Amino acid sequence: MTIQAERQDALHPDPEPPATERHRERAKSKSSTNGLARSQNRWGWIFAAPAIIGFFLFVAGPMVASFIIGLTNWQIGLSPAFVGFDNYVHLVQDPSFWDALKATAYYVIVAVPGGVLVAFLAALLLNRVRRGRGLFRVVFYLPVLVPPVASAVIWLWIFAPDAGLANSFLKMLGLPPLQWIYDQATAVPSVALVTIWAFGNMALIFLAALQGVPRELLEAAEMDGAGPFRRMLNVTIPQVSPIILFNVITGTIAALQAFDSAYVMTQGGPNNATLFYVYYIYQTAFGAGNLGYASALAWVLFIIVLIVTVVVFRTARHWVFYEGEVK
Amino acid sequence: MTTELGVVRHTSRGARVRRRIGTTIVYALLVLVGLAAVIPFVWLLRSSVMGTAQIFAFPPEWIPSPWEWGNFAGALEAQPFLLYFLNTLKIVAIVVPGVLFSTSAAAFAFARLRWKGRNLVFGAVLSSMLLPWAVTLVPTFIMWQSLGLVNTIGPLTIPAWFAAGAGFNIFLLRQFFQQVPVELDNAVYVDGGNPWTVYSRVILPLNKGPLMLVGIFTVIATWNDLLGPLIYLNDPASFTMSQGLAAFRGLYVSQWGYLMAASLLVILPIVALFAFAQRYIMEGVTLTGLK
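Protein chains in written order, with this note's numbering: chain A, 247 to 573; chain B, -2 to 288.
If we strip away everything but chain B, and leave its shape as in the complex, we get (with noise of 0.2 Å):
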């Protein structure tokens, strides 16, 4: 209100056009910006839905004609993206639990609970963060071969319910958890509840909103993933669908128009899932910054 008073008292009214020019400027700048992050989506979009011939015409064609929907019946049809679709998904289903789980524990240990080697571990979890995960490729290969579990998504799975990769959402919830009252959990030792009553019975009930933002991150990671795939799973019945597509480019390197219907099924559910839950994203990605 103030800085509005004090432009105000020293406002002419050349100042006010060259303001007024100015704001033009940067909405056009925004647009421009705006224009370059969305133009490929619309390319990708307009390609998924022509034919070959309008695909390729000089200058580039934006609306189609004729619409050509058989691009998603071909692209179906040549590699079974709604087997990929499942396969995913029974990934996620396995991986979003054991993420929410180990990191909300761990998280609950270090905000919450009084504990010899507190500092320690934290510390390792942390750095573990800036660890580049290319090094651990190799002997984890061998020890989940020799376990017997290449070609099944134990690899895939199992880890996110030791936490593994997840010292971003340790840190995160830490911080939620942190701001609950402490009277909260002293309320419950009162009544004689130990620390596994104050995890299940405030901790977790009142964050809600930082668990779903784990959860949505983990969806993300997990459905964008392609090299634990490529690594893991050796057979085409068990391709997950970002494993799946870049399979297809290999395949299918002049079908455009298949190509690019099958990019949009990859990308479709992750938009859904965004309209869904934008509020959640865009405040989470906010307080990423608050480090």
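In isolation and in its complexed conformation, chain A is listed as follows (with noise of 0.2 Å):
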């Protein structure tokens, strides 16, 4: 309720002012208060201007430019050829553009539902208990800290067939040995995995959230009867869901973008099994230095994770609930 109340104020920011003031002011000086407009209307586009140029020149500019470039074929070092759309007709035949895009929805899938999962059970457990709770949640957050490239090589370690901790664990526990990301079978789960243990953001933003459960809510429900479980289901789960799709649309756009661990840890292998999008489009444009392919292929990218938005907060409307709202 409170945090609801405060955003309505941050989107507010500037309340009228009390009508006696105003009066005041309008009595001071007429002028002097539309200068004073004038003025912060000049201000205002002063400071934001870096950023205003920052979004012209590095992101709406690029935009545009990319659809342009798309639409070329364009050899690194050469001088671009207008070819209309044959770049989109080239990419529909181009089974590594189908084992990207298939590579990159199964990791999504796998990594962005598991994080959420594994983040919001280690959150509930966190949020039941009070002495070693500081410990935990450092505990937790320290996979976070790991840079991507660090935290790539030391699963490349943990994964290596002969002598890797997990195969080591397996062997342990009498079960037989995985190939993990030299499998083809294996290796998109594998590198999920290692996205999955970076968990510890997104459970510290659930415990957050979590703690802002109003407790009347739970007791009142506890009241009526209902176990554990349905309060989980009724009352908690509805009250967090805004952070659940927050955290779900930040890692859909976050896994839809993979790079660092498909370059360090498989170079898109094996097999193109693990070819993500991003790899593949880093390889068209500076491996094959084809800019103009490389180019649409990236504006495929930003189409779909456009329609995934899109289709994420649609279908939020039925799962997400906010505080106060009228249907």
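Hints are supplied without guarantee of correctness; some may be wrong.
What the hints assert, rightly or not - From the structure, some residues in chain B lie toward chain A, with a derived Cβ separation under 8 Å:
hint, residue
1, F55
2, W64
3, L110
4, S125
5, L134
6, W158
7, A160
8, I167
9, K205
10, V263
11, F271
Stated by the list, open to error - Interface residues of chain A toward chain B, partial, derived using beta-carbon atoms under 10 Å:
hint, residue
12, S285
13, G300
14, P308
15, I322
16, R383
17, L388
Since the hints were derived computationally from the structure, they do not count as laboratory data. Since the structure is predicted, the reported quantities are computational estimates derived from the model, not experimental observations. Ideal Cβ positions, reconstructed from N, Cα and C, are used throughout, including at glycine.
If you follow the hints, you should be able to join the two separate chains into one complex; please do so.
Structure representation (structure tokens):
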């Protein structure tokens, strides 16, 4: 409730001054308030100028340019030739494009729900205890601190087929060893496991949300005879659903653009199993030097991100609960 | 307090025992998750100071004997990580002030000034947060290439001064700036000050914590960046830490001891930063969920 109220305030930062004050100001001098408004208008643009220039130079401009370059055949170091939608026609027939889509989709489907689930469960556990919570918070956060390249190197070694930790563990349990990132079938889940390992960030966000669930609601539900499971399903989850949405959206956008793990751990292999989309764009643009085709690929990614975001927001209406919302 | 009483009222001995078992299970699970988070670290630490034979032993050994400190010397000899460290530091030193300046100025304009087009510009900045940056990769590269700045740190540092990719930081700072009472601004204006005075004398000094937070997030993001240096820095003498480690991994596939020692060198500065700024980071992460 309070967060909602604060948010309302935040959205409307300049409440009208009280009437008396306004009167006084107007009485003081009409021209001076006009002058302040005009100077604020000017200063507003000045302060926002770096960000606005940056938006055009590094976001909007390249977006448009990317589309135009996508209509050319442009080899690095040569001059571009306009080819219309040829790149997009080629793309549909490019098996690597489909491999990239498949690998990325598979990765998103495993890593995002897996990460959200693990983080949510960890936050629930943390929320149940008082003693040692600080310590566990730090421990859970440690993997987040590992630079992605370093974490890829560590896991590369954990996944080593002969003497890696993962297979040593399986061996001790009497289970047969796996090939992890070196097997087409297990490569994507293995890379997703590395992502899920860094669940700490999401877990802390969830923990803060759980602490914001009003106790009265939980107590009222308990009075009404709701068991722990019903309380979770009907009180806690609806209350934190906006945060779940936030984590799902940011997690999905990040996962759709996974690059580091493919570059360091698998180089897209084995057999294109982990040819993540951005890695394929990178290879096309800076490995093969095909700037036109890479831009077309990038634009397809843009459309995909757009569609996924819209779909998640759309479905969110059915499962995200906003307090004070009138349906 | 009321809950405690409420629970106590109904508590029989059986219920109390059940609760204690519940708590024990919760702690057991927490320890299990904690181990999963920490074991890769311990694995890294022990491997970084072990000889090759011991690294490959089964069942896995956890205590190095003898301690192979030579791995660090070997890694440093094989790749100039000290140079990479300085290279990264140089980039960080230019990026962080740039991000702090450009994002705080924009956040100030959005939070404290009334101007035509404000909502439109703010909407654009917010929507750029959802944009896949990969789409801008090729045109941005072509732009830097035509400016002759490939193989310099320009492409990695100049965008920071224009809040590129920093939409989230702008949003975060704006939330904080809005909480400062408007009366403070008005007092400055009455004294004949202008918005620059408000920005530099009121808003910035009152928001050191949030600025610190943005600074820390920026250091970590710059430190971790791999794709940027890969595209723009081709000369091994100007590699960053992350890039250097990635290159190292390609060269020394079988030298696990060296590789682990090198990874540790890349991780340590960030862990040190965390130890120093833990409070800010933990609070900051929590705030990100307030959206």
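Check each numbered hint from earlier against the structure, then list the numbers of those it violates in ascending order. Those not satisfied are hints 2 and 9.
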